[in-house]
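Student: Quick note, the sequences are listed as chains W and H, same order.
For the record, in the first sequence the residue sitting at position 2 is 2 according to our numbering, with numbers rising by one throughout.
For the record, in the second sequence the residue sitting at position 179 is 179 according to our numbering, with numbers rising by one throughout.
No lab work stands behind these hints, which were simulated from the structure alone.
These figures come from a predicted structure and were not determined experimentally.
Keep in mind that a hint or two might mislead.
Heads up, simulated DSS-like pairs for lysine-lysine below, C-alpha to C-alpha not over 25 Å straight-line [as the list claims (entries may be wrong)]: (1) W:Lys78 to H:Lys168; (2) H:Lys86 to H:Lys29; (3) H:Lys168 to H:Lys99; (4) H:Lys67 to W:Lys78; (5) H:Lys99 to H:Lys79; (6) W:Lys91 to W:Lys119.
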Amino acid sequence: MIVCVAVVGHQNNPLYLQSFTAADDALKLHHIIHCSLDVVDERVNNPKKSGPTLNETFLGMLYPTENYKVYGYLTNTKVKFLMVTTDLEVKDADVRSFFRKFHAAFVDAVSNPFHVPGKKITSKIFAERISGIVKSFGSVTAG
Amino acid sequence: MGREVAESCIDGVIIEMVSAYCNRFYGSKPELAARRIEAIGYQVGHQLIERYTMERPRFSDHLEAIKFICKDFWSELFKKHIDNLKTNHRGTFVLQDNKFRWLTRVSIDPSSENLEASQDSPVLTPEHKVEVTSMHLYFPCGIIRGALSNLGIPCAVSADISNLPACKLHLDFGDNKNFPPRMLPE
């Protein structure tokens, strides 16, 4: 199950941050997201460690904590997508397709002429789409 | 598949936008009109590049990004590639399109001068015509500047139309980061 997703701009400014847990642990999740930004920078500046394919948008698992795994994705426009999950066994392909859908939703949201670049995404449609993607991710891995 | 729009509608919208800014909104201030049109182009380019680079790996250097603009981005916009790309290896690139799609209907041919004079339409001097045509170039310049700056490459873009319908676009990255943020009319 995905517990938290985030979109972070090229100056590490938060564009969208949403947790999907009933419990009151949003602050903890945001802290994890915050910490993982350093890992993203590290991966990008030392590309040798990030696997065989250079400059791929999908960054793979950034780091595991006791209960969570953090995955990252970095676009050409230096926008970072982060995802925190509690699943222990996660297929790479699932995460890739999750991020692809996430990115498509983001592109549609920023193409809105009323969206101001660099500001938070306030679109309700975007929020609905993201929670839909998050829910479908859980059902795919469970099934 | 994405939704499609007739090309003539796009042409019409762009021509109408340029004429609205130049004549109706900022009739007396062409510099201001140019900056507004360029700003619209900037936003369009900023949004388009996000969409068109979605399925590809990140660029490793500036040249790769410019090649992307010349090939993929250009064929998305104009269904053709840039015809010629030159660089002085010191931060200036010249992109040449021999048949720039948005200028193929523009004519500043002096032989049509007599025809126009006989009609009611106001007579335009050749200099004035060049000025009117150059107004149509602020939008594509803005698109390129917006696209590149969203890729993290700030630059100044200017256009040169000495022989229509060919169009030369000068991209200036300047090794210092202090070049003017907006293109200014010459």
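Student: If a hint holds in the structure, say so; if it does not, say that too.
Tutor: Here is how each hint holds up against the structure:
no.	hint	result
1	W:Lys78 to H:Lys168	29 Å, violated
2	H:Lys86 to H:Lys29	34 Å, violated
3	H:Lys168 to H:Lys99	10 Å, holds
4	H:Lys67 to W:Lys78	19 Å, holds
5	H:Lys99 to H:Lys79	11 Å, holds
6	W:Lys91 to W:Lys119	33 Å, violated
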